[in-house]
Amino acid sequence: MSNAELAVNIDASPRYREWLRRERQSRLTVRAVQLALLLVGLVLWEFLPRAGLINPLFTSYPSAIWPTFLELLHGTPQMAGILTHTASTVLATVVGFTAATSLGTAIAAALWWWNGLYKVLDPYLVVANAMPKTAFVPIFYIWLGPTSSIYGMSLAISLFITVLMIYAGFQGIDPNKIKLAQTFGATRAQILSKVVLPGSVPTFIAALKVNAGLSLVGVVVGEFQSANLGLGYLIQYGSQIFKMNIVMTSVTILVIVSSLMYLAISWLEAVVMRRR
Amino acid sequence: MAELAASGPKVELRDVGLRYFGREGETEALRGVSLAVAPGEFVALIGPSGCGKSTLLSLISGIVAPTDGAVLIDGRAVTGPSRKVGYMLQQDYLFEWRTILDNAVLGAEIQGAPMAKARERAAQLLTRYGLGQFLHHLPRQLSGGMRQRAALARTLCTEPDIVLLDEPFSALDSQTRLALADEITEILRREAKTVILVTHDIGEAVSMAERVIVLSRRPGQVKSQHAIRFAAQNGGRLTPLAARNALEFNDYFRTLWQELDIHVER
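Protein chains in written order, with this note's numbering: chain X, 1 to 276; chain W, 277 to 542.
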């Protein structure tokens with residue numbers, strides 16, 4: 001029934017083969033240009049400072065990143081190794097966005113269950129979401145202490161947007177699907193568990209995607225303020241002693257971490273969406 | 277009690293009225309509707325759009341309560357959704373995250389019926405409706421007609437006595453529509469279900485039902501009722517496709533068309 005089934009057993013005509021070849025070529029071209037852009041960026045970053053056009057004190061060099069990484073690998077008696085910093089940041093981020101997604105879903109479900117609650121809280125949620133959460137970093141530090149404030153920021157930064165997104169997803173469920181469940185005598189709890197929640201899986205994935213990025217921001221900003229551990233701390237430390245090598249190496253690791261998280265969620269999405 | 281139920285109407289509406297309240301005002305959807313449907317009878321409800329035909333089904337299914345009058349099933353007032361009633365909506369509304377078989381057992385699952393038996397029955401029904409090879413497929417892999425047959429299996433899996441059909445073919449193309457109307461009518465007659473069909477399609481009403489009830493414009497009231505009999509039926513019943521070719525078909529069609537009093541409004 002699907003296109004794939006229709007395509008079976010049709011011998012490829014020369015024109016179709018030509019079309020396939022062009023498709024492939026155009027895909028390869030896009031990839032090549034993407035790679036070229038990256039290389040151009042790295043080359044400029046490497047050679048502009050070397051040519052004296054930019055002060056290397058401000059930018060470091062891409063070629064310095066790997067040696068710096070090795071240098072930071074083992075740490076010192078005063079400071080942990082870079083992998084420990086990375087692990088600390090990743091852990092806080094994963095805990096943050098998992099907590100934000102599950103707590104946000106629970107709150108959205110409560111709002112769905114008690115419509116009056118939603119009507120009352122709606123303006124507060126909208127304002128809470130619009131608030132610049134990073135302004136609360138110092139307050140969280142006082143309230144929660146150095147470690148918990150990082151987790152708190154990571155949660156706070158993505159919680160409200162999650163509630164709003166998932167509640168909107170619940171509202172978007174086709175009312176006729178709910179009506180169908182009602183004709184079988186479904187209770188409110190059954191409507192939630194059999195229609196609304198399973199119907200909102202695409203919304204959960206979208207929320208995870210948003211939250212992974214946001215929580216990482218929350219963690220790094222939290223670490224600027226409070227920690228003696230984490231990539232945010234390392235960036236802060238590196239800039240204070242004017243060692244751009246440390247800053248740039250930490251930023252590079254952040255880029256890799258966020259890409260890996262994005263890939264992991266995309267993989268999860270592909271697995272889940274194969275079922276629909 | 278059982279004898280009493282067998283002798284009386286299966287479904288009865290006594291002077292039923294329904295009003296909706298909204299910020300813009302009050303809408304009277306139905307007024308003083310009284311009708312009775314005998315056990316095993318196949319009745320069609322037609323009427324101009326917005327006359328409250330679908331609402332009437334929601335009342336019988338117990339998901340909406342009337343503001344006036346009473347709805348009775350087997351002589352008892354309806355207070356909520358009943359296991360005796362199966363409701364087929366305008367579209368299949370199969371859950372895209374469930375396989376066809378899992379969709380078909382949804383009702384049993386909600387009603388807390390024994391699942392092994394329900395799955396067996398659902399598989400039997402689906403196989404009988406030509407979906408035996410698609411039990412573990414997802415809805416998106418099926419055509420419109422197949423999906424609607426899966427929806428029928430979902431409705432009949434809970435073994436209701438009464439089946440409510442709310443324009444069940446309106447989302448299908450016209451060939452599929454005719455073929456499926458034939459098929460579903462056949463299935464429902466064979467299982468001796470009491471059927472109430474809501475449709476805006478006069479041809480569908482005349483070809484499928486034994487009796488056609490015409491509702492007026494809003495607020496919906498029963499305007500007239502027409503028994504549908506074909507000379508060719510010989511004690512049995514014509515299939516909907518055969519009925520469309522019967523001599524009387526056009527007369528019934530014309531009468532109902534005039535009854536509906538449809539003007540193209542500009």
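Just so you know, these hints were derived from the structure itself, not from any lab. Any given hint might turn out to be false.
Unchecked claim - The calculated lysine-lysine pairs, modelled on DSSO-like cross-linking and capped at a C-alpha distance of 30 Å, are: (1) 499/W x 360/W; (2) 177/X x 393/W; (3) 393/W x 179/X.
To be verified - Not the full set, but computed from the structure, chain W residues with beta-carbon under 10 Å of chain X: (4) 334; (5) 373; (6) 383.
Here the structure is a predicted model, which is why all the values come from computation and not from measurement. Quick reminder that beta carbons are idealized off the backbone N, C-alpha and C, glycines included.
To see whether the hints hold, each was checked on the structure:
no.	hint	verdict
1	499/W x 360/W	holds, 28 Å
2	177/X x 393/W	holds, 24 Å
3	393/W x 179/X	holds, 25 Å
4	334	holds, 8 Å
5	373	holds, 5 Å
6	383	holds, 4 Å
Taken one by one, the earlier hints all hold for this structure without exception.
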